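*Asks:* Sequence:
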Amino acid sequence: MNQPKTGILLVNLGTPDAPTAAAVKRYLTQFLQDRRVVDLNPLVWSLILKGVILPRRAPRVAKLYHEVWMEEGSPLLVYSQRQQRALAARLPQTPVELAMTYGSPSVKQALDRLQSQSIKRLVVLPLYPQYSCSTTAAAWDALSAELANRRDLPDISFIRDYAEHPLYIAALARSIRTSFERYGKPDLLLFSYHGIPQRYADEGDDYPLRCEATTREVVTALGLAPSEYKMTYQSRFGREVWLQPYTDQTMRSLPSQGVKSIQVICPGFASDCLETIEEIEQQNRAFFLENGGESYHYIPALNDSTEHIDLFEALVTERGL
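Counting along the sequence shown from 1, when you hit position 248 you're at 248 in our numbering, and nothing is skipped either side.
Among the clues, some could well be false.
Stated by the list, open to error - Straight line, CA to CA, 20 Å or less: simulated SDA-like cross-link-like pairs of lysine to any residue: (1) Lys63 <-> Thr29; (2) Lys120 <-> Arg151; (3) Lys50 <-> Phe237; (4) Lys50 <-> Ala62; (5) Lys230 <-> Ser179; (6) Lys63 <-> Ser235; (7) Lys120 <-> Pro92; (8) Lys120 <-> Ala88; (9) Lys230 <-> Gln198; (10) Lys25 <-> Arg236; (11) Lys185 <-> Gly223; (12) Lys25 <-> Ser106; (13) Lys25 <-> Val44; (14) Lys50 <-> Arg239; (15) Lys260 <-> Arg285; (16) Lys63 <-> Glu278; (17) Lys185 <-> His297; (18) Lys108 <-> Asn149; (19) Lys25 <-> Lys63; (20) Lys260 <-> Ser179; (21) Lys185 <-> Ser175; (22) Lys108 <-> Asp155; (23) Lys108 <-> Glu146; (24) Lys185 <-> Leu289; (25) Lys230 <-> Pro208; (26) Lys260 <-> Ala225; (27) Lys5 <-> Ser157; (28) Lys108 <-> Trp140; (29) Lys25 <-> Arg35; (30) Lys50 <-> Val61; (31) Lys63 <-> Phe31; (32) Lys63 <-> Ile53; (33) Lys185 <-> Ala173; (34) Lys5 <-> Arg319; (35) Lys230 <-> Asn291; (36) Lys230 <-> Tyr183.
Everything labelled a hint here was simulated from the structure, so no lab data went into it.
Quantities reported herein were computed from a predicted structural model and do not represent experimental measurements.
Generate coordinates for the entire structure from the input sequences, incorporating the hints supplied.
*Replies:* In structure tokens:
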């Protein structure tokens, strides 16, 4: 009997189509109206979002995107597309598509392309190493909403996360060792993960546990002592309490604690993007150096490195390709 044809769907968060206020506003509207991301009263939140947040935030964020924009487009989209092409080259008999939960290419567009090739099985790999309701579950929602409008549904294998996968840990450890070899071992290695509201964790989101699992496995692989690393959370939004300690506050305080050299890695990001390039490599570098730090280096995301594509190939083939 012939094996049912399988397709692979990579899903990332999304990004504006252009570094303009109008494009950022369109993107943020879709992103921040998702109740997986912000679960406040929809009517009240819509008034605040459209009347206060978007008019102020969109122009400012557009300027930041303009600073990091690559020749081919937004960094997150560029690196995600490179990952798609690299994985497709590894699996020439298997269709591989990329979708964004918000923006383009959409889940609908990716599913259209996959189903036009008569797939009967679908392996979905959200590009979030650590599960969160605000990212991985939002990708599931987008996929489910689109499939609800289709007659023919594939058999689906959904990869919840890969926070402790041996190839992921090995790739991170190798990247850190390379940075240590290039710049010297720092006083402190900082693991900075994207934050979520503390309330989400209190209500059952195991995201912080998954981040802790990744950190634990990496420092074990590197043989680091507790004094040689620290874990923080970045990119908080609004007035609610988020997971702590906060990356920006930590950067400002570390030099007074005797930490003069630091290297930073963001294991929660499969691709470099605004939050790693602008927020970590630029903004938080300034916080550290302005407060007495002397040496600061950001360790890039795994992006489309060979080791990262090895991981993706292993993740999807483990699902029975």
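*Asks:* Broken hints, numbered, in rising order?
*Replies:* none
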